[in-house]
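J.: These are the residues of each chain, in order.
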Amino acid sequence: MIIGILFIALLAAVIWSIFHGRKVLRTEKSDAVFGNPERALGGWHWVVAGVSSVMVLWLYFSWDAGRSYFPQAANEMCQVAKLNRSANPIRAAFPLDNRQLRGTQLLQRDGLQIALMNQRLAAAELLSEADRTELQAIINDMESAMNAQASPEFIDPTIEGQLNGIADRINQLSDKMADDAYPGPADPAQMEKALAQPGWGETNVEIPPLAETERGRKFDAASLEMEAIAKDFGKIRNNTGAIKAKLDALKERYEGFAIEGGADAAVVAERKALIRQIDKIYKRIDDGKIFPPSITQQVEDALITLDDTQKSQQGTLRIIDALAMPGGTIIAGNSACSEQGSGRWLPKPSDTWKTLTRLADPDIGFKDAPLLWYKMTPLAGIADYFVPDWVADLIPGEYPRHDDNGQIQMNLKGEVYNIATGNYPSPMIPVPMGHVWDSLLRVLAGLFFGILFGVPLGLAMGLSRFFKGFFDPLIELYRPIPPLAWAPLILTIFGIQDDGKIFLLFMVAFAIMVISARTGATGTHLSKIHAAHSLGASKGQIIRRVILPNSLPEILTGIRIAIGVCWGTLVAAEMLAGTTGIGFVENVARKQSDYEIIWTTIIIMGLLGLLFDVLMRWVINKTIPWRGKG
Amino acid sequence: MSDLIADKVNMVFTTPTGGKVHALKDVSFTLKEGELLSVLGPSGCGKTTLLNIIAGFNRPTGGAFYLGDHEISGPDTERGMVFQQGALFEWLTVAENVNFGLRMKKANKKETARKVEEWLEIVGLQGFGDTPTYQLSGGMQQRVALARCLINDPDLILMDEPLGALDALTREKMQSLVLKIWKETGKTIMIITHSVEEALLLGERLFVMAPRPGRLHKEYRLPFAEKGVDGDMRDIKNSAEFAQVREEILTMIWDMEEEIMGKAEAA
Ligand SMILES: Nc1ncnc2c1ncn2[C@@H]1O[C@H](COP(=O)(O)OP(=O)(O)OP(=O)(O)O)[C@@H](O)[C@H]1O
Ligand SMILES: [Mg+2]
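Note that the protein sequences, when read in sequence, are chains A and B. Numbered by our numbering, the letters in the first sequence go through residues 1 to 630 in order. Numbered by our numbering, the letters in the second sequence go through residues 1 to 267 in order.
In short, the hints are calculated from the structure, not lab data. Treat each hint with caution, since some may be false.
[Unchecked claim] Residues on chain B that point at chain A, a partial pick, calculated with CB under 7 Å: (1) 57; (2) 80; (3) 100; (4) 101; (5) 105.
[Said to hold, decoys possible] Calculated cross-link-like contacts (lysine to any residue; reagent style SDA-like; alpha-carbon spacing at most 20 Å): (6) B:25 / B:256; (7) B:105 / A:536; (8) B:105 / A:542.
Predicted model, so just to flag it, every value in this text is computed and none were measured. We treat Cβ as the ideally placed atom computed from N, Cα and C, and that holds for glycine.
Using the sequences plus the hints, can you model the full thing?
T.: Set out below in C-alpha cells:
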C-alpha cells in the first residue's frame, strides 16, 4: 500500500517539476545567452524530476507498483500459466505458437534424411549392384511408408476416433470454462490452505502457487483437465492398421538384408553403416507423429476455441499483465510459478529495502559477518596489530625464564613483548567491523600508501631530471595495464587476505598520485619559486612551502580520482578471492542468483562512492579555495 | 658600502634548436647605495635577463656582478625581488605572505608579528592581515609583494615591471608608494618598466637598453624622482622639462623598434 501511494506521489512529483521547470524557463526568457554558465547550475526541481523519474521507472519495471495495486494478480496469473503450460504439449503439434504443423516439420526433416541416403547410396561404389538395388528398394519403401502416414486413405479408423475424442474433450473443456459455475464449490480445507500461503514476494517461493480466487480456481481446474487430455494426445501414434503393415514389411526387409558374407571388411562396414542409418529413420517414422492434416484439423480448431475462451475468461487479468507487469509475465514451472522478464532481474525497491535491512541487522548479516557493525575489542589487541613483535627482540637481554619454584621474574624485554603481543589487561573499546568496513579499510589503506609513496616521488619527478628520467618509463609502463590484470599474480604472491588487495590498490593509487603530484609540481609558476628563493627559503623549504601547496589542487584531484578507481578495482578484486567485503557479498549473491542482494550491494557501493566524492569535494573546497584564482 | 657593480656582464642563451641569443653584451655599470634606477627598453632587449642575473637566478656566461664586497653567485635575501604578478603564495593569507621570509629564517614570532603590522601599515593594508591573497585586487596584491620583499630588509630591491598590470590610477598611487619607500628606507632600488613616464618618475638614474645584442644604450640622470617624493606627480608630468625628455626617449625607442622591424624584414 505504501508503495502504491509512493508511486502516485513520485509520478505527481515528476509531472509537477516538469511544469515548474517550464514556468521557470519562461521567466528566464530574458536571458538570451545560450552558453551562460549560470544555466549549468541546474535547478532543484530538475533534481526532483530526475530522482523521481528513476524511482518511478524502477517501481514500474520491477512490478513493485503493480504488486502493490494488484496483490492477487500474480496468484491468478500463475493459474493461467499452469493452463498454458499443460496445453503446450498439444499446441506444439499445431501451427499455433509455431509456424508449421509438427507433421510438416517431421516430413521435411525425415524427407531430407532420405534424400541424403539416396545420395550416399549412389556414391557407395564399393557395394555390388545387387546390394544397391536392394537398399534402394528399402529406401523407397521407407519413403512411401512415411508419405502414407500423411494420407487419410491409410489411417487406422481407431486413431481417427481417438483424435476426434481429443477434440471433443477440448471443446467440452471450453464449454465448462465459459460456465460461471465451473469448477463447482471450493473445498473449504483446500481454500483455507491456499489462503494461508505467504503473499507474493514474501518468501523465496515468490508467487503463491495454490489458487486463492474463483477465477484462479477455474484455471487451476482447467489446467488439470488439460494435462490429462495432453497426456492422452501424446499416446496417439499413427503406426497401426495399414501403416503398421507397411512398417512391419519394411522392417522385415531391411533386417533381412545380409550384412556379412563373401565380402571384405570395407564393404561390410559400408553396409552396416547404411542399415544403421535406415534403422534410425525407421524409428522416427515408427514414432507415428505424422497425421493427415484433414484429420487433426478438429483438434486444432478446438484448441483455438479453448484459447479464445480462456483469454476472455482472464478478463481484466490480461490488462493487468500488460500494464502492471511490463517487460515480461508470469510463467509456470514444474513446481512453482515465477516472474519472467524485468520483474525477475530487477528487484522491487520494497524487497531491496527489506534485504538491506535484513543484511544490515548485525545478528543476521551475510556469511558470518555483518555489513557494518562494531565489536568490543581490547585496546591491547590494537597495539598488537600495530606494534610488530620483533620490537621486543631489539631490547638487550634475555626473555625471562622460570626459576626452580616455578616463579617467573619479569624483566623489561618480557614486558615489551607482552605489549607487542597485546598480552595485558586493557579496557574494551568499540571497533567497526563488517563487510563494508573491510572494503572501506582496504581502499583507505591502499590509498594511504599510494599517497605516502606516490606524492613524494611525483614531486621529485617534477623537480629532478634524474627522477623524471629514471622513473617515468617504469610508471608509464605499468600504469596503462588494467589493475585487474595484475590481480591473479598479486593474489598468488601476497595471498587472498588483505595484503594482496591492499597492494593491488596501492599500485592503482600510486600511479595516479605520482602523475598528479608531478603535474602539480611542474605547474608551479617559476616566479613563485624565484620569490621564495630571494626570500631566503632553502630547497627543502621551497618544496614544503611552495611546491607542495601549489600542487595541492592536482594532488587532491588525484586522490579523488584514485578513490574512484580503487573502489572499482577493490570490488572486482574481492570478487576474485576473499571471504569478506562488499564485492565478496555480491559474488556470493551472483552465484546464488539472488538479484535482491546484488542490487543491494550495487546500491551500497553507489552510495559509498557518492559519499567519498562528496567528502572529497568538500575537502577540496575547504583546503584549496584559491584554486583557479592564483 | 654595498654598491652594485656590473663588470662586463655577458649572457648568451642557447636555444633548444642550437641557436645563440646574445641577450646581454658587455653590460657594465655601478649603482651606488641608495640610488633609484629605472631601466627602459624595447621588448626583448634583455631587461628581465639582467634582473634575473642580479637576483642570482641565472649565472652570466661572462663577467660578474658584485654587491658590496662579494660576487653575486645565487639568490639571497640581500637582494629582494618584486614580480609583475602571480608571485604571491595564494594559499597563504596576506600576513603569512608578508612574513614568509622571516618564517623561513625562523625569526622570533612576536617580533615578526610586529614587523608585519608595521609593513602592512606602510603599504596601506592595515587590517587585511588575515585576508587570503586571492581575494585582493591587483593593486593590493602588489602592495603585499612589496611588503613581503621589504620586510626582509634587503640591500637591493629589484622590481620587474611591478606595476605593469595595474590600471592608471592605481599605478599612480603605487608610484608614490615606491618613491615614499625609497626615500624613507634609503634602499637601492632597480626598477624595470615599459612605461616611459614611469621610468622618468621612478628613476634618479635611467638606463635605456638596446636590443640585439642587449646592451646599455644611454644613461640619464633625472631630477623627477627627487621632486616626486613630496611634490605633486601631475605637476611634474606637465612640466616642459619632463615632456622634452619623454619625447627624446620615446623617439629613441621608436627608432630602435623600427630598426628591429627593418632587420626583421631584411632577414
Ligand atoms: N631561457 C632562455 N633561452 C633562450 N633565450 C632566452 C631565454 N630567456 C630569454 N631569452 C631571450 O633573451 C632575450 C631577452 O629576453 P628578456 O626576457 O630579458 O627580455 P625583456 O627585455 O625582459 O623583454 P620584455 O620587455 O618583453 O619583458 C630575448 O630575445 C629572449 O628571447
Ligand atoms: Mg621581461
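J.: Against each hint, give a clear statement of whether it holds in the structure.
T.: Structure-based check of all given hints:
Given hint, residue 57 of chain B at the interface with chain A, holds; its Cβ is 6 Å from that chain's nearest Cβ, closer than 7 Å. Nearest Cβ of chain A to the Cβ of residue 80 of chain B: about 6 Å, under the 7 Å cut. The hint holds. Interface restraint check: residue 100 of chain B against chain A, minimum CB-CB distance 5 Å, threshold 7 Å, status holds. Using the Cβ-Cβ criterion of 7 Å, the hint placing residue 101 of chain B at the interface with chain A is satisfied: the shortest such distance is roughly 4 Å.
Contact between residue 105 of chain B and chain A, as hinted, is supported at the beta carbon level, the nearest pair being about 6 Å apart and thus within 7 Å. Only pairs whose Cα atoms come within 20 Å are accepted, and residue 25 of chain B paired with residue 256 of chain B is accepted, the gap being roughly 17 Å. Distance check on the hinted pair: residue 105 of chain B and residue 536 of chain A sit about 7 Å apart at the alpha-carbon level, within 20 Å; holds. Of the pairs offered as hints, the one joining residue 105 of chain B and residue 542 of chain A holds, with about 13 Å between alpha carbons and a cut-off of 20 Å not exceeded.
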